[in-house]
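Protein chains in written order, with numbering that gives the first Met the number 0: chain R, 0 to 152; chain B, 0 to 152.
Some clues are possibly wrong.
[Claimed, not checked] Okay, the calculated beta carbon distance ranges per label pair:
hint	chain 1	residue 1	chain 2	residue 2	range
1	B	Asp-32	R	Ala-79	44 to 52 Å
2	R	His-49	B	Glu-106	41 to 49 Å
3	R	Gly-97	B	Pro-41	27 to 35 Å
4	R	Ala-5	B	Pro-41	32 to 40 Å
5	R	His-108	B	Gly-50	28 to 36 Å
6	R	Ala-79	B	Thr-119	19 to 27 Å
7	B	Thr-13	R	Asp-17	27 to 35 Å
[What the hints assert, rightly or not] Some chain B residues judged to face chain R by a derived CB distance under 8 Å, without partners named:
hint	residue
8	Phe-42
9	Val-44
10	Thr-149
[Claimed, not checked] Listed next, the in silico PhoX-like pairs over lysine-lysine satisfying Cα-Cα at most 20 Å (straight line):
hint	chain 1	residue 1	chain 2	residue 2
11	R	Lys-93	R	Lys-136
12	R	Lys-93	B	Lys-93
13	B	Lys-93	R	Lys-150
14	B	Lys-93	B	Lys-150
Since the hints were made in silico from the structure, they are not lab data.
C-beta: ideal position from N, C-alpha, C; glycine also.
Number of protein chains: 2
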Amino acid sequence: MTTPEALTAELQATWHRDIPPAAAMAIGVTAYDGRTLTVRAPFEVNRNVHGTAFAGSLFSVCVLTGWGATWLALRERGLAGSIVVAESQIRYRKAVAGDLVCRCTTEPHSLEAAFAGFATSGRASLLLSCTIDTGDKLAVAFEGTYVIHTKPT
Amino acid sequence: MTTPEALTAELQATWHRDIPPAAAMAIGVTAYDGRTLTVRAPFEVNRNVHGTAFAGSLFSVCVLTGWGATWLALRERGLAGSIVVAESQIRYRKAVAGDLVCRCTTEPHSLEAAFAGFATSGRASLLLSCTIDTGDKLAVAFEGTYVIHTKPT
Numbered sequence: 000m001t002t003p004e005a006l007t008a009e010l011q012a013t014w015h016r017d018i019p020p021a022a023a024m025a026i027g028v029t030a031y032d033g034r035t036l037t038v039r040a041p042f043e044v045n046r047n048v049h050g051t052a053f054a055g056s057l058f059s060v061c062v063l064t065g066w067g068a069t070w071l072a073l074r075e076r077g078l079a080g081s082i083v084v085a086e087s088q089i090r091y092r093k094a095v096a097g098d099l100v101c102r103c104t105t106e107p108h109s110l111e112a113a114f115a116g117f118a119t120s121g122r123a124s125l126l127l128s129c130t131i132d133t134g135d136k137l138a139v140a141f142e143g144t145y146v147i148h149t150k151p152t
Numbered sequence: 000m001t002t003p004e005a006l007t008a009e010l011q012a013t014w015h016r017d018i019p020p021a022a023a024m025a026i027g028v029t030a031y032d033g034r035t036l037t038v039r040a041p042f043e044v045n046r047n048v049h050g051t052a053f054a055g056s057l058f059s060v061c062v063l064t065g066w067g068a069t070w071l072a073l074r075e076r077g078l079a080g081s082i083v084v085a086e087s088q089i090r091y092r093k094a095v096a097g098d099l100v101c102r103c104t105t106e107p108h109s110l111e112a113a114f115a116g117f118a119t120s121g122r123a124s125l126l127l128s129c130t131i132d133t134g135d136k137l138a139v140a141f142e143g144t145y146v147i148h149t150k151p152t
């Protein structure tokens with residue numbers, strides 16, 4: 000059986016190999032406990048004109064964290080699918096002046112509901128929330144709708 | 000008087016100097032006619048695991064195009080302000096398989112309304128729409144709310 004550590008290492012390697020901006024932003028997986036995925040990017044390569052974190056980097060870290068949480072949920076169930084984000088909203092409540100640390104927690108009930116018909120329909124949709132804090136305050140709130148299609152065989 | 004060409008050159012230089020991901024994504028200004036700002040990023044450094052444009056790059060190009068349109072509108076009016084995006088929504092309708100070309104058109108009435116009280120209040124807010132096409136079809140629809148504060152003196 001594939002360990003969680005092997006899965007998250009594969010996830011990060013996929014990002015860095017296949018998504019050049021993820022490598023440039025040095026986006027990496029820092030923790031996964033089976034429900035919450037934590038992804039981090041260093042401040043220095045993600046700063047903006049104000050000396051805080053770039054809005055596009057904050058979004059990219061969030062959209063990849065949600066994508067990664069979906070990818071992990073699929074793999075844990077022995078499913079294979081092509082995951083794309085269909086739409087998303089992001090609110091920037093506070094500036095982030097240090098490393099960008101994003102968390103996405105999946106709800107078992109939501110995952111089971113989303114994947115219930117996947118094997119027969121070949122399509123699933125999942126709404127996920129991701130957050131980035133600064134200190135102990137919420138800095139960024141992200142919601143993304145991910146659509147999963149069966150991979151062509 | 001500063002020419003439009005000098006302004007857009009300054010805008011792009013600012014992005015590449017102060018925002019490392021904008022340089023990594025090679026995001027550049029291609030045209031500005033005083034109303035529509037066109038920004039482009041090459042496909043090769045912005046691809047994803049599917050061999051199409053990365054959602055985070057599409058967002059980054061959009062958020063910077065809106066920021067740039069706001070920056071140009073301020074400069075053309077002899078105003079100075081610190082511009083941040085407060086919130087945004089993005090819909091990914093079609094995959095983009097070539098260069099990422101984003102357009103943002105500002106409406107003179109909206110700009111005048113947004114900047115009307117800026118000199119006295121020191122704050123303005125602007126809702127902008129940006130789009131990215133693939134072929135002759137709309138691929139990405141972005142809306143962003145930008146907040147401008149008078150720069151500390």
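Cross-check of the supplied hints:
no. : hint                               : result
1   : B:Asp-32 <-> R:Ala-79: 44 to 52 Å  : 47 Å, holds
2   : R:His-49 <-> B:Glu-106: 41 to 49 Å : 26 Å, violated
3   : R:Gly-97 <-> B:Pro-41: 27 to 35 Å  : 31 Å, holds
4   : R:Ala-5 <-> B:Pro-41: 32 to 40 Å   : 34 Å, holds
5   : R:His-108 <-> B:Gly-50: 28 to 36 Å : 34 Å, holds
6   : R:Ala-79 <-> B:Thr-119: 19 to 27 Å : 59 Å, violated
7   : B:Thr-13 <-> R:Asp-17: 27 to 35 Å  : 30 Å, holds
8   : Phe-42                             : 10 Å, violated
9   : Val-44                             : 5 Å, holds
10  : Thr-149                            : 14 Å, violated
11  : R:Lys-93 <-> R:Lys-136             : 8 Å, holds
12  : R:Lys-93 <-> B:Lys-93              : 31 Å, violated
13  : B:Lys-93 <-> R:Lys-150             : 18 Å, holds
14  : B:Lys-93 <-> B:Lys-150             : 39 Å, violated
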